[in-house]
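**Q** Got two chains here, each in a separate frame; can you build the complex from them with the hints?
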Amino acid sequence: MLAIDIWFIIEKVALIATIIGLSFFIAMYTTYAERKVAAWLQDRRGPNRAGPFGLFQPLADGGKLFFKEEIIPLTSNRFLFILGPALAMITALITSTVIPWGASYVDGTTNIALQVADVDMGILVVFGIVSVGVYGIMIGGWSSNNKFSLMAAIRGASQMVSYELPMGLALIAVLLMTGSLKMSAIVSHQIEHGWHIFYQPLGFIIFFVCALAECNRTPFDLPEAENELNFGYHQEYSSMKLGFYLFAEYINMFISSAVMATLYFGGYDIPFVNESTWGLSPLLFSAMSFAVLMAKVLFFLFVFIWIRWTIPRFRYDQLMNLGWKKLIPLALVNMLLTAALTLWLNN
Amino acid sequence: MQLTDRAKTVDRRPMTFLESLYLWSIAKGMATTLKHLFRKKATIEYPEEKRPFSPVFRGLHVLNRDAEGRENCTACGLCAVACPAEAITMEAAERLPSEANLYREEKYAAKYEINMLRCIFCGLCEEACPKDAIYLSQTFAPANYGRKGFIYKKEELLIPHPIQQKEAYEKALGERKPTVNA
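So the protein sequences, as listed, match chains G and S. Counting from 0, one number per residue, gives the positions in the first sequence under numbering that gives the first Met the number 0. Counting from 0, one number per residue, gives the positions in the second sequence under numbering that gives the first Met the number 0.
One chain only, chain S, in its complex shape (with noise of 0.2 Å):
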């Protein structure tokens, strides 16, 4: 049964003694490898130019602060809960009152761990997370010579404060704004 009209027959005739020379299909080949001398490169020369993330990207995670700089997390718990890979662990406690500047909740994360190794990026908890405490960024995992490396605690996973290091804030904000409640 014939499915396409682009189906060849194959030749499978004996070659004839000018055909067993390979001359004239070598000779084509060569053309077709000369063409792509001219060719544009494909290469991208990757420390000097970089290609642009697709707006969509999910690469690694950041703790958000508030407009004023309090950690916005609360340790309830849910991204750990709906993150698939079992990434996330946290230790939470209650904020002092003379902590009131660091923590926009009485409860705050005391300890809060993500391992990368596990994580699969796909941004559930970016998804469940209710208080907009922790979302993706357009960075990806450097590499690392440990795996304890790759357990990122949370003063790698924090923002910048938004006050004091504002163009560190910024950049770690990317194109992505998480909407800052106030």
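Chain G on its own, in the form it takes in the complex (with noise of 0.2 Å):
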């Protein structure tokens, strides 16, 4: 019995560990990404220079971040102000762990699930982790003790608790369709009946424009408008502190592709095909879902980026418009009616 145990800690700490890093270095080249999207999206050619095709890029801007000189203002809450972006960083990294990276490796009788918990709650683990999330922002621009971090911080909060709303309300549907909020559950039921793009493409839309407000991108990026309130809630952040929040973004917009390419387009599953019935090796099995779901979250990435580059901020009454009179009755609806047919199938 301890045996298993010891293996079992190692098995979820290795998977933790590359999750962990996996995360990390997603979200690296992210950055680089976003910069050579941005650039060809404007005809221009982007970091070219450090390394082939600029990509040291990454590392260089991180280097700069460390060697910053780090500076705390003197009428901060000094504890605050460093708990902050610490506390964008966890919430961005937590929220990975429900989510099923790959079918389980299944050799025999080793059975090792690529997710490092499968918990009942699944999704709600997600949005708890999230709505925690908010708190690194609003903790940040509070304790900067600044007007601009505090009109930013309380921009962000407003427009998390806006758009949580009909986010939750547009995954309802898709948890009346597969009656379970586990994970692993959802991604099953996909596998069986079809990924639920298909089926909630209303709802979809909704959870997308939502995530976005979520991760703060633009469209919705009040909380860090840089031209009305000097790069919002983390003006008076330096260094490596306001490297995590960066970093942290760009995490965010990583599991939110995640989330989004597991509830809506069959998480790991292939499309079109039948890969269970091929008598693949496990370890080919298991890394080919992995490699489909990565494609999935990276071409998610793309969209992020590809958003950001081409609408401008919206103005707040407009986003509050959007999220209250807007998205809210549609996810209702959308709701309502997938309960109805549900209800109206299964009898």
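Think of the hints as simulated: they come from the structure by calculation, not from any bench. Every value quoted in this text rests on a predicted model; they were computed, and no experiment measured them. You may find that some hints are simply not true.
Stretch-level coverage of chain S by chain G, calculated; a stretch enters the list once three of its residues show a Cβ under 8 Å from a Cβ in chain G [what the hints assert, rightly or not]:
#	region
1	15-28
2	34-47
Once the Cα atoms are required to be at most 25 Å apart in a straight line, the calculated SDA-like pairs of lysine to any residue come out as [unchecked claim]:
#	chain 1	residue 1	chain 2	residue 2
3	G	Lys325	S	Leu17
4	S	Lys27	G	Arg44
5	S	Lys40	G	Gly53
6	S	Lys40	G	Val302
7	S	Lys40	G	Phe55
8	G	Lys325	S	Pro13
9	S	Lys39	G	Arg48
10	S	Lys130	S	Leu95
11	S	Lys27	G	Leu318
12	S	Lys40	G	Arg44
13	G	Lys325	S	Ser24
14	S	Lys153	S	Leu116
15	S	Lys34	G	Thr309
16	S	Lys40	G	Leu54
17	S	Lys40	G	Ile306
18	S	Lys130	S	Ile150
19	S	Lys27	G	Val302
20	S	Lys39	G	Val302
21	G	Lys63	G	Arg48
22	S	Lys153	S	Ala171
23	S	Lys27	G	Arg43
24	S	Lys34	G	Tyr31
25	G	Lys181	G	Gly193
26	G	Lys67	G	Ser238
27	S	Lys39	G	Gln41
28	S	Lys27	G	Glu33
29	S	Lys130	S	Val80
Here are the simulated distance ranges between beta carbons [stated by the list, open to error]:
#	chain 1	residue 1	chain 2	residue 2	range
30	S	Thr138	G	Pro311	40 to 46 Å
31	S	Lys165	G	Gly50	39 to 45 Å
32	S	Gly122	G	Glu227	46 to 52 Å
33	S	Gln1	G	Ala59	52 to 58 Å
34	G	Ile71	S	Lys110	52 to 58 Å
35	G	Gly20	S	Gly145	45 to 51 Å
36	G	Pro311	S	Thr15	17 to 23 Å
Ideal placement from N, C-alpha and C gives every residue a C-beta, glycine not left out.
**A** The following block contains the structure:
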């Protein structure tokens, strides 16, 4: 019993380390992709000096942030000032625990799930942690003791609250179809019955818009509105504390892409084929499913970047109108329709 | 009054519910940006790739020498008079008999300075010079850390010797060959 427990712990620790490393790596190269795609969309070339195709640019950026002078404003609350970026980073990283990263590795009696914790409340865990994530912004902006930062923090908080509602409502429609909150159950339901995007296109659009808002990405980047609030909640931050905020944003993007792929695009399911009948070796099978999920995630990351360099920021009243008057009614209608249809089809 | 037929009246009707979701307009915008992804890049990769200067480009000044390598300038001061920015100063000196291979005429410029911060690169000095001693090349003044460095002395302005440093001379001459007096 004890021996099994040790192996179990080793397996999970290895998995956690891999996922955190992967999150960092993807986030690092998302910054690079962001600059490259931004350049291409504007008919430019983007960073191409550091290394081949500028591939070392994120390393150079990170190195720069580490060596920058660290400034903590005298009038700020020191403890909270440091807690802010730490909280943003931690919450961004924790969310990845419940996402199934690939099909389980099943070889004889060994069964290794590519998921840190397959909790029954899977998707609720994600929502719970994401709603804690706003504290990073709020605490950071408030403890800076700066009017612009405070204003940005308040904006961020109200935006998060407003957009978590339609996001949750859109999610309920998915849960009505699967009948489970478990992430692995949601994926296996999609493998059996087809991807949710075909049944829930409206729900997906609402979810996607809210995901943009939750990640503070354009057009919802009001908390850091450069030209009105001087970089918003992280105005007083320098060095790696600023880096943590920026980095957490990219990790959030990565995780929300993974969540969207899992909820609506079949997770690690390979489209159009039934790969379980091919008789692949278990390792290859798991690796392929993981690669497919990553492909979906990368596509979403591209869409995130693409949107950022296309649309300007919403005005604050537009943001609130869109959230409360448009998305919430739509999400409610979507939820009621799904509920009615599910009930009708099951009887 | 209608001036052109290109004027468009602004549609001020309130947005319908679908329009107020912005989805269609955003989709259109994203199609536009996606098209730009495949466009030719406008960037010129500067240090490796340089845009050619116009043939009439007026760049850094060069003090000319004749075919034997003697300085053309006689320090007459016409360039300094012509200069609208008052960037040119000089001091004249009389040529010694032993210096006949250095200076073309009996009088020469012992000191010749152009302040590149004042200079507006109009080329009037070039027009004014009766001895074809100064002309504007096809390079521009490089960056410098101090103001002092922008006051170009004679050593920096003089063209390389046409016989002793033939290659450098040809390079400095550029495409705009000044008429070389015998």
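**Q** Against this structure, judge whether each hint is valid.
**A** Tested hints:
Counting residues of the region 15-28 of chain S whose beta-carbon sits less than 8 Å from any beta-carbon of chain G gives 7, enough to reach three: the coverage restraint holds. Coverage of the region 34-47 of chain S by chain G holds. Counting CB-CB distances below 8 Å, 8 residues qualify, and the rule asks for three or more. Among the hinted pairs, G:Lys325 with S:Leu17 is consistent with the structure: their alpha-carbon atoms are about 9 Å apart, no more than 25 Å. The straight-line distance between the Cα atoms of S:Lys27 and G:Arg44 is roughly 24 Å, inside the 25 Å bound, and the hint therefore holds.
About 16 Å separates the Cα atoms of S:Lys40 and G:Gly53, which keeps this hinted pair within 25 Å; it holds. With a C-alpha separation of about 21 Å, the suggested pairing of S:Lys40 with G:Val302 holds against the 25 Å cut-off. As the CA atoms of S:Lys40 and G:Phe55 are separated by approximately 22 Å, the hinted pair is consistent with the 25 Å bound. This hinted pair checks out: G:Lys325 and S:Pro13 have alpha carbons roughly 15 Å apart, not beyond 25 Å.
Distance check on the hinted pair: S:Lys39 and G:Arg48 sit about 20 Å apart at the alpha-carbon level, within 25 Å; holds. A threshold of 25 Å between alpha carbons decides the hint, and for S:Lys130 with S:Leu95 the separation of about 20 Å falls inside it, so the pair holds. For a cut-off of 25 Å, the pair hint linking S:Lys27 to G:Leu318 stands: about 20 Å separates their Cα positions. Between the alpha carbons of S:Lys40 and G:Arg44 the distance comes to roughly 7 Å, so the proposed pair stays at or under 25 Å and holds.
Simply put, G:Lys325 and S:Ser24 have alpha-carbon atoms about 16 Å apart, close enough for the 25 Å limit, and the pair holds. A C-alpha spacing of about 16 Å is found between S:Lys153 and S:Leu116, which places the hinted pair at or below 25 Å, so the restraint holds. As the CA atoms of S:Lys34 and G:Thr309 are separated by approximately 12 Å, the hinted pair is consistent with the 25 Å bound. Of the supplied pair hints, the one linking S:Lys40 and G:Leu54 holds, its CA atoms being roughly 19 Å apart against a limit of 25 Å.
Distance check on the hinted pair: S:Lys40 and G:Ile306 sit about 20 Å apart at the alpha-carbon level, within 25 Å; holds. At most 25 Å may separate the alpha-carbon atoms for a hinted pair to count; S:Lys130 and S:Ile150 meet this at roughly 23 Å. Between S:Lys27 and G:Val302 the CA atoms are separated by roughly 14 Å; this keeps the pair inside 25 Å, and the hint holds. Proximity of S:Lys39 to G:Val302 is assessed by CA-CA distance (about 21 Å); at most 25 Å being required, the pair is judged to hold.
Between G:Lys63 and G:Arg48 the CA atoms are separated by roughly 16 Å; this keeps the pair inside 25 Å, and the hint holds. Of the pairs offered as hints, the one joining S:Lys153 and S:Ala171 holds, with about 15 Å between alpha carbons and a cut-off of 25 Å not exceeded. Taken as a hint, the S:Lys27 and G:Arg43 pair is honoured in the structure, with Cα atoms around 21 Å apart against an allowance of 25 Å. A C-alpha spacing of about 21 Å is found between S:Lys34 and G:Tyr31, which places the hinted pair at or below 25 Å, so the restraint holds.
Proximity of G:Lys181 to G:Gly193 is assessed by CA-CA distance (about 17 Å); at most 25 Å being required, the pair is judged to hold. Proximity of G:Lys67 to G:Ser238 is assessed by CA-CA distance (about 5 Å); at most 25 Å being required, the pair is judged to hold. Restraint check for S:Lys39 and G:Gln41: the C-alpha separation of about 10 Å stays at or below 25 Å, so the hint holds. The straight-line distance between the Cα atoms of S:Lys27 and G:Glu33 is roughly 21 Å, inside the 25 Å bound, and the hint therefore holds.
Distance hint between S:Lys130 and S:Val80 is fulfilled; the C-alpha atoms sit about 15 Å from each other, no more than 25 Å. For the pair S:Thr138 and G:Pro311, the supplied restraint of 40 to 46 Å holds, since their beta-carbon distance comes to about 42 Å. About 41 Å separates the C-beta atoms of S:Lys165 and G:Gly50, a value consistent with the hinted range of 39 to 45 Å. For the pair S:Gly122 and G:Glu227, the supplied restraint of 46 to 52 Å holds, since their beta-carbon distance comes to about 47 Å.
At about 57 Å, the beta-carbon gap between S:Gln1 and G:Ala59 stays in the expected band of 52 to 58 Å. Between G:Ile71 and S:Lys110 the CB atoms are about 56 Å apart, so this pair conforms to the stated range of 52 to 58 Å. Range check, G:Gly20 to S:Gly145: about 49 Å between beta-carbon atoms, so the 45 to 51 Å window is met. At about 21 Å, the beta-carbon gap between G:Pro311 and S:Thr15 stays in the expected band of 17 to 23 Å.
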